[in-house]
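Asks: Following the hints, complete the assembly by docking chain A onto the known chain S.
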Amino acid sequence: MPRVWRYALVLTRRRDTADDLSQNTALRALDRAAQYTPGTRLDAWVFTIAGSIWRNDLRAAAVRRGQGVVPVEDVDLADGRPDAETNILAREVLSLVTELPDAQRDAVFLVYVEGYSYLEAASILDIPVGTVMSRLAAGRRKINEAVKGKEAEG
Amino acid sequence: MTTFTDEQLTAFLDGELPADVAAEIAEALERDEVLAARLADLEVDFAPIRAAFDALTPASVPMPAPQAANDPAPPRRWLGMTVAAGLALMVGFGAGFTVPRAPEPVAPPGWLAIVASYQALYSAETIAAVQPDAATQAAEVARVAQTLGAPLTSENVTSDLLRYARGQVLDLNGQPLAQLMYQAADGTPVALCVIATAAEDAPVSSRQIGGLNAAVWREGGFAYLVIGDTDAGTIATAAEGFAAAI
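Taken in sequence, the protein lines are chains S and A.
Reminder that position 43 of the first sequence reads as 43 in this note's numbering, one-by-one numbering, no gaps.
Reminder that position 85 of the second sequence reads as 1085 in this note's numbering, one-by-one numbering, no gaps.
None of these hints come from the bench; they were simulated from the model.
All the given hints hold, so there is nothing to weed out.
Each pair of labels, with its calculated beta carbon distance range:
id	chain 1	residue 1	chain 2	residue 2	range
1	S	L119	A	T1005	12 to 20 angstroms
2	A	P1132	S	E99	45 to 53 angstroms
3	A	D1186	S	S52	48 to 56 angstroms
4	S	A103	A	E1155	48 to 56 angstroms
5	A	A1047	S	A44	16 to 24 angstroms
It should be emphasised that the depicted structure is a prediction, and the values quoted were computed from it without experimental measurement.
By construction, the Cβ of each residue, glycine as well, lies at the ideal position given by its N, Cα and C atoms.
The following block holds chain S by itself, in its conformation from the complex (with noise of 0.2 angstroms):
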């Protein structure tokens, strides 16, 4: 279910985790179907559970586990590619999302990545529109930063 577990992904930078937070939250949707509103959307509603999961049970545990703070190099983004080039230039560019705080790369990932408007993202998120916007223009700004100091190194 790859737009769930790349979600899972941004979420808890790491495979394993991605793979258990997709798993479960595949589980508990299916479970909770009957909360599901028709004519909403779908995948809106997947990414609520998804996040909810992830800050109410496995972020703790992934914590524990030590596994809370990754380096980003130490996430396994492209694995079984063939063309190690391409790996490198992807996770450079996976990079300018995943390097930046918490709070601001889950709203750049829903808003400039998955498409969803403002108002949808802060429904996914639980948190008002006026923090969506500027946790997103802060969000702006260090990737902006980020483009510019990598193409300053040449």
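Replies: Quick look at chain A alone, frame taken from chain S:
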């Protein structure tokens, strides 16, 4: 002078501002270099980032058994199956891929609002002066069609209600956006915009975007928008005409 926050500038870039505020910012950017520099510091090309994420796939994520589908309670089972089917659809989008896919063109979030905020800046005078001949129109439409790979021809973008004025390709966060400008009988500028989309086909529907009347539809991998500050009937009829011809 009005000072805009970084949050407002971000929302401006994302097409999430009301048209009047977006127009104020667009106008201020023309003369305020400091504001323009602040906006530049917020600009990010997200296309390569989206592409990198699109190329990411789980090595192997086995699907859990759809337990809820076996639940005996009828309403819940129905919902369970809906959710299971939805999850299966989300899975279906990329399951089995182990090589990076070429990123699909996707209309940037909020593109309708961005277009609306630009459209609000056009006046009748802007467009009245532009009077291309048939050959110019054909050449412009052909260039637009080729850049987007969209099935547009000089004939199918002609409307009885609107006079063709100009066709060009704009860049919206790295995505080509076709903008065909027309003038309605009352002088109002009206645009037909086209952008590639991954969303499925949808029939013509009328709405208000940023205070302007608009009609949107999707067909064959392209999203179409007719928008202008003229009466809703003209917009809807013109949109139906375009949709039928294209």
